[in-house]
Amino acid sequence: MSLSGKERVRNRKTRASVFIADRLARILITAGGIATIVAICAVAVFLVAVSLPLFLSPTLTPDPPQNVSVASPPWFVLTDQDQRLVAVVDQSGTCRLFELATGKLLSESAFPGDVKPTAFAVSKGSDQIAVGLADGKIRLGTIQFKDTFPPEDDSTSSLKVGEYRVTDTGIAVRIDDEQIRRTELSILWKDPVATHRTNPITGIDLAPSSGGSIIATSEDSGEVFVHRLTKKKDLLSGKEATKLTSQPVVKSGEHPWGREVEGLGFLGNGSQLLVISRPGPIYRFDVPQAGTPLFVAKEEANVAAPVSSTTMMLGRNTILLGHTSGELDGEFLVRRKESDKSDSEQSLVLAKHLHSAGGSPVVSLTSSNRSRLAAALFESGEISVYEVTTGDKLVSASLRIPTANASMAFSPRDDGIIIATPTAIEHLSLRAEHPEATLQALFTPIWYEGYQGPEYVWQSDTSGGAEPKFGMMPLIFGTIKATFYSMLFGVPLAILAAIYTSEFLHPRVKARIKPTIELMAGLPSVVLGFIGAMVLAPWVAGNLPQVLATFVTIPVLFMLTGHLWQLLPTPFTLRAQKFRFLIALVVLPIAVWVGFAIGPLLEDLLLEGDIMLWLDGQTGSGLSGWIFILLPVAIVLTIWLENSAIDPWLRPQMSAMTRGRAALVALVRYLASLVMVVAFAWIGAVLFDGMGWDPRGNVVGTYVQRNSLIVGFVMGFAIIPIIYTLADDALSTVPEHLRSASLGAGATPWQTTTWIVVPTAMSGLFSAVIVGLGRAVGETMIVLMAAGSTPIMEWNIFNGFRTLSANIAIELPEAAQGTTHYRTLFFAAVVLLAFTSVLNTIAELVRIRFRRRAFQL
Amino acid sequence: MTPRVLPPPLELPPPIKRTRRPRSAGGSTVLAQGEPMLWLTAGMLAICLMMILGLLFLVIGQGIQTFWPRPIEMITTKESTKIVGEVDRVEEYQPVAEEIKNDSKPDGVDRTTKSTEKLTRRRFRTGNYALLGTHFTWVNDNDVEKLERPEWAIGIEQFEGGRLYGLLTGFKIDGVLKSEDPAEAWKVFEEHHSKVESLRYQRIALEREVVGPINASISDARRALREAQHYFGKNSPQARKAQEDLASSEADAQTRLAELRSRIEKLAADAGHFELVLSTSSEQAYSVNLSNIVRAYLPNQLTWNEKLSLYASRWWEFLSADPREANTEGGVFPAIIGTMTMTLIMSIAVVPFGVLAALYLKEYAKAGLMVSIVRIAINNLAGVPSIVFGVFGLGFFVYLLGGSIDRAFFWSYEGPVFGQGGVLWASFTLALLTLPVVIVATEEALSAVPNSMREGSYACGASKWQTIRHIILPRAMPGVFTGLILAIARGAGEVAPLMLVGVLEHAPELPIDGHFPYIHPDRPFMHLGFSIYHSAFKSQNSDAARPLVFTITLLLIVLIAVLNLIAIWMRSRFRRRFTPSAF
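Chains as they are written, first to last, in the numbering used here: chain A, 1 to 857; chain B, 1001 to 1583.
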């Protein structure tokens, strides 16, 4: 009964909307939360998915062969970009066009003139061909598939996208709603150019050269000639005339190879000519712009078996030699010694052993026009595809047609190989999208063209037919180097600072100082990079001895201040303790000043007055460098000696003294140990120097303005606050009662710190260091700006490097989507991600363990 | 009662004779106290503190003096060449022997003979790049015949062509020298410059406001044609009509552009009557059109007040104007707008997802191994290098997502719309990057809400969602906010991932403008951090751009410091409010 008289009915039932809202919220939050978490994890999955195609194994699948009839053995075969048409040039010079799918002959065009062609060469990477004739003349020409985009007509308007129609001269294919692409074979023969020879040409090679082309011919007698074709414009008629100058490579009858010429090959842009003799030796000639070719060297055969087939790789630097023994190798010129610049000091080396002996003879060789792929056809009918840079055999298949007199070629997009014999054509679909990037190519040394041996190289720039070099080790090395030097600088600084902050700093002061240092973590790395590269780097370059001296004077002076402090009467020091940090702030500039004062003195004394020249190795000996480098070792040695030999003897003595006296003794001991450190370092240096070791060229070396020292220092700004904060947190979590117990047992605060607090917090400190390490590994802008960005592998602290992250930032915007370069960069991101994840997981696990332990205590 | 038999007394070992160690006279505490090591740790802290303070002072000191007008000095060297300019650096250096013996070094510095005597040299910023081909000239003090500050030295910031320093000597009207009196010339400048300047702004406004829409209308017509051809076929009436529309709009554009061109030419002619004549370092007379002058000043005559107002006007230009001279002069307004837009979109994207994930982890997911793993994974992601997120952003957002959007919706556009880097993708990338920050902060805030409050709420009969909505979330809001600001502070300073997903050194259009739909998430943008990188490293004249880079750095640091301070303040406030509460 209520007072109002009305019965108030309380609704005891929860409204349905509450249930619905609750259920809905649960579903939404769960779904959203899981989706977000999954999305974050999808980063890793996506990166792996993009980089995975790098490691897919290539496939080579033969299509059914088509029977065709070509009058004589084919010299040359060509296919269009969609691999629907095949053009076959036979030994009579007749060019026949077939449709690949049916083998239907579409058109046939005869070789012009009535002189029989006797030799045939295609210029690698272009559509230029040269034909040697039976009368000693040379006929140049081009054969290529040309694309045109004509307006639609009745025959093509009914085509759907992707469909094609075969015409007499080629095909028409609809590529989208608006455009039709017509692919037609275009053959262009120029008039034959007369040489002064009239014997039939049996071998020929052609290379583009400045202002025309350069051609080498050989005759049945074994004589080899070099012809230079230059175009000249006639001033009167305005007509272009080709001028041909011919030179024999050696005097008639004096050619050492006799009549055994297997092939001719120009190197590079035609500056050198190789005459490959059938027994094996290769004769190398210098072909100057004007004048007679010069015999340079006879390159002894690297493989015993006779040569049966040759081809040049793209860029004309590597020659592939196939042998009758089935061996297949790639050779290129390397300089014997780094310093030699002359050609005569070069020699052809067998750098790639693609196929070992024991198989059937190599019948035909071909190389791709756009990559480093090569294919070899063996007499047995086996066809193998190789990646010449890595030397890997990618895949092989068996032909169904007989291999006799076969000629083969890669399709323009490297997605197929076409083989023509007098009676049949066979097509194989090749899928090798990223053959140049294998785990081996990424992580092991590879012998690149022109290098003296296998090396780790990153050079993605492939202009001028250079090999893409995707050796990731220089980048990983750079990352490790950056991390190492910055940790070397940052870790002691941050940990020691954290110890002081946590154990000795007044809480009120700490409340001010800690956020200030944390502010450093918020500094954008681009700012740090800018300061490092534009302010610090030039300044350090001008004051290097001073800066190096400062690294020594600062710790020495701080410890000296500590010793002097002990000399003061205890009542005073106890009262003045709270000003210790302030005094330290004053000592710091003094230490820097001392460093700057003695820097030049040391430079004069030890480094012959100029550190830059000394580092460059021009003056002085390695002695002084060793002294500096061995300092840490000497310090460790001295401390060990003190702890094991001096202190046990000194300690009882000291406890009998008054405090003041003992402090004096400690000071003397400190000064003595400084002398000892220098002495040890000097002894070590003399020893090492006496052994003829020089630190220059190893951990120190030529000074480059943007270097690891700068990066180490600037990266310190980025990692110190992280390590400092986490370390301070870890130290502060050590339970207070442990400290109290230790102090109560009579330990000094310093003893408590070193024997109780730090060991307890050790795992926390460790995880702080690991987190800092993770940050240093992935840092991008600082290294991008302050490290000079050259991917070299050198421990020299005064040289630059390029890290994985900087490399991504530099190259990814320019890498075309889906290319090997693009995917390799994604793989670099995966490596970074994996590395930092592992580090962070370790840190996290250690931290969890530490926390559990700290609470148990 | 049986008498209790006492066990035989134990044979106690003889008491160990403790020899008291001699009482220490106090000497042993010297080693135990470890003062030297203590001082070493204090010193390391001092270094850390000095590093950050030194850096801040450097940036602030350099950054604020960029715009301060410096006197223009004129040096007559012993070879009686004149050099006019601002002295921007004075340094001591080791002089080298007069004749360079050892030419092996590229800088020609002889290192074989080294005298101990030091000399001073000063670096002149001479401006007049078009005339001199260099921005700086070093002058050795030994070579100085006379150093003066001429009264009529003038500094001119040109609209195109960089800075000019010289002596004002007269003025020209329509190419005819009218006067050789600097005072008169200055009067003419003061009288006419504002008018000429407004004409220039009109011209720029015309170019920007009219040309853009004309181009837009043509590309719209082209797109309509393409769509008509696609939907109705090539020869359909619709396609024909679209073709005609395109032709007419092209014709229309031609006439409008021609008209515009004549108007612009007229404006340019109106503005171009006056020229100032000055004599420069190379002693050539150089005349500069008034319409090309952004700002001219006579630094050697300025009073303090005038200096201040010049300083302020340069700051204002810096904050509000477009960059000039390939980002080495002028303002950073587009970069500020770009940074802000990106940060805004990032915040909008990151908060809901971060809060959802945190709520799920904290309130809904059953605590166990799975949740621990997820938590470790999230913590891990906070430590993943930012460039990795940039790579993901490029591959996933730009190429995959953007490319698909383009193919589905924008196939009729000429270039890529979302299939290129833009402010939306950059924001999403950074949102992903900062998501762990928000999740961790939110989780922390949720944990800080005492369980008793939850239990109290349940006890009153509230459902879980009601508890979250009315009890937990309001209490956790400051924490969420802290997380957001930390995310913003981290996001605003990140540059590396942006380089992959849409930041440009010079974006022609702002991501936010007055044209529909006002926010253009597909556009590439400019960013303060990237401006630092680009001006300092990629511009042709990075040394002359250095002062400006310092100012941009200052601006960025101030921005981030303010955000961080807000976060720290919020955190302490929020901790004070909830942790010691009496539940």
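Quick caveat, the hints were computed from the structure, so don't treat them as lab data.
A hint or two may mislead.
If you want a taste of the chain A side facing chain B, the calculated C-beta under 10 Å gives, among others [said to hold, decoys possible]:
(1) Arg23
(2) Cys41
(3) Lys231
(4) Ile495
(5) Thr516
(6) Ala591
(7) Leu637
(8) Leu641
(9) Ala645
(10) Trp649
(11) Ala662
(12) Tyr670
(13) Ala672
(14) Gly716
(15) Thr754
Within a straight-line C-alpha distance of at most 25 Å, the following computed DSS-like cross-link-like pairs (lysine-lysine) qualify [as the list claims (entries may be wrong)]:
(16) B/Lys1234 x A/Lys160
(17) A/Lys231 x A/Lys243
(18) A/Lys13 x B/Lys1307
(19) B/Lys1195 x B/Lys1366
(20) B/Lys1187 x B/Lys1172
(21) A/Lys146 x A/Lys190
If you want the footprint, here are the derived chain A segments under chain B, 3+ residues with CB under 8 Å [unchecked claim]:
(22) 24 to 34
(23) 294 to 302
(24) 496 to 509
(25) 531 to 542
(26) 786 to 797
(27) 803 to 809
Glycine included, C-beta positions come from ideal geometry on N, C-alpha and C.
Outcome of the hint check:
With 10 Å as the threshold, the beta carbon of arginine 23 of chain A comes within range of chain B, its nearest partner Cβ sitting at about 8 Å, so the hint holds. A least Cβ separation of about 6 Å between cysteine 41 of chain A and chain B falls short of the 10 Å threshold, and the interface hint therefore holds. Against a cut-off of 10 Å between C-beta atoms, the interface hint on lysine 231 of chain A is violated, since the closest Cβ of chain B lies about 38 Å away. At its closest, the beta carbon of isoleucine 495 of chain A sits 8 Å from a beta carbon of chain B; the interface hint therefore holds under the 10 Å criterion.
The interface hint given for threonine 516 of chain A holds, since its Cβ lies 6 Å from the closest Cβ of chain B, which is under the 10 Å cut-off. For alanine 591 of chain A, the shortest C-beta to C-beta distance to chain B is roughly 8 Å, which falls under 10 Å, so the interface hint holds. Contact between leucine 637 of chain A and chain B, as hinted, is not supported at the beta carbon level, the nearest pair being about 18 Å apart and thus beyond 10 Å. At a threshold of 10 Å, the smallest CB-CB gap from leucine 641 of chain A to chain B is about 16 Å, leaving the interface hint violated.
Restraint check, alanine 645 of chain A versus chain B: the minimum CB separation of about 15 Å is more than 10 Å; hint violated. The closest approach between the C-beta of tryptophan 649 of chain A and any C-beta of chain B is roughly 13 Å, which is over the 10 Å cut-off, so the hint fails. Among the interface hints, the one on alanine 662 of chain A holds; its C-beta lies about 3 Å from the nearest C-beta in chain B, closer than the 10 Å criterion. Because the smallest distance between the Cβ of tyrosine 670 of chain A and any Cβ of chain B comes to about 7 Å, under 10 Å, the interface hint for this residue holds.
Hint on alanine 672 of chain A is violated. Least Cβ distance to chain B is approximately 14 Å, over the 10 Å limit. A distance limit of 10 Å between C-beta atoms decides the matter here; for glycine 716 of chain A the minimum to chain B is near 7 Å, and the interface restraint holds. Annotation: threonine 754 of chain A was flagged as interfacial toward chain B, and the flag holds, the nearest CB pair being 7 Å apart, inside 10 Å. At most 25 Å may separate the alpha-carbon atoms for a hinted pair to count; lysine 1234 of chain B and lysine 160 of chain A meet this at roughly 14 Å.
For the given pair, lysine 231 of chain A sits about 6 Å from lysine 243 of chain A by alpha-carbon distance, which is consistent with the 25 Å threshold. For the hint linking lysine 13 of chain A to lysine 1307 of chain B, the alpha-carbon distance of about 77 Å lies beyond 25 Å, and the restraint is violated. In summary, the hint linking lysine 1195 of chain B to lysine 1366 of chain B is not supported, as the alpha carbons are separated by about 72 Å, beyond the 25 Å threshold. Distance check on the hinted pair: lysine 1187 of chain B and lysine 1172 of chain B sit about 13 Å apart at the alpha-carbon level, within 25 Å; holds.
In summary, the hint linking lysine 146 of chain A to lysine 190 of chain A is supported, as the alpha carbons are separated by about 18 Å, within the 25 Å threshold. Residues of the stretch 24 to 34 of chain A with a Cβ under 8 Å from some Cβ of chain B number 9, which satisfies the need for three, so the listed coverage holds. Figure legend: the stretch 294 to 302 of chain A, annotated as covered by chain B; annotation inconsistent (0 residues with Cβ-Cβ distances under 8 Å, at least 3 required). Taking a C-beta to C-beta cut-off of 8 Å, the stretch 496 to 509 of chain A contributes 7 residues in contact with chain B, enough for the three needed, and the coverage statement holds.
Taking a C-beta to C-beta cut-off of 8 Å, the stretch 531 to 542 of chain A contributes 4 residues in contact with chain B, enough for the three needed, and the coverage statement holds. Evaluation of the coverage hint for the stretch 786 to 797 of chain A: breached, as 0 residues show C-beta separations to chain B shorter than 8 Å, against a requirement of three. Residues of the stretch 803 to 809 of chain A lying with their CB closer than 8 Å to a CB of chain B number 3, which satisfies the three-residue condition for coverage.
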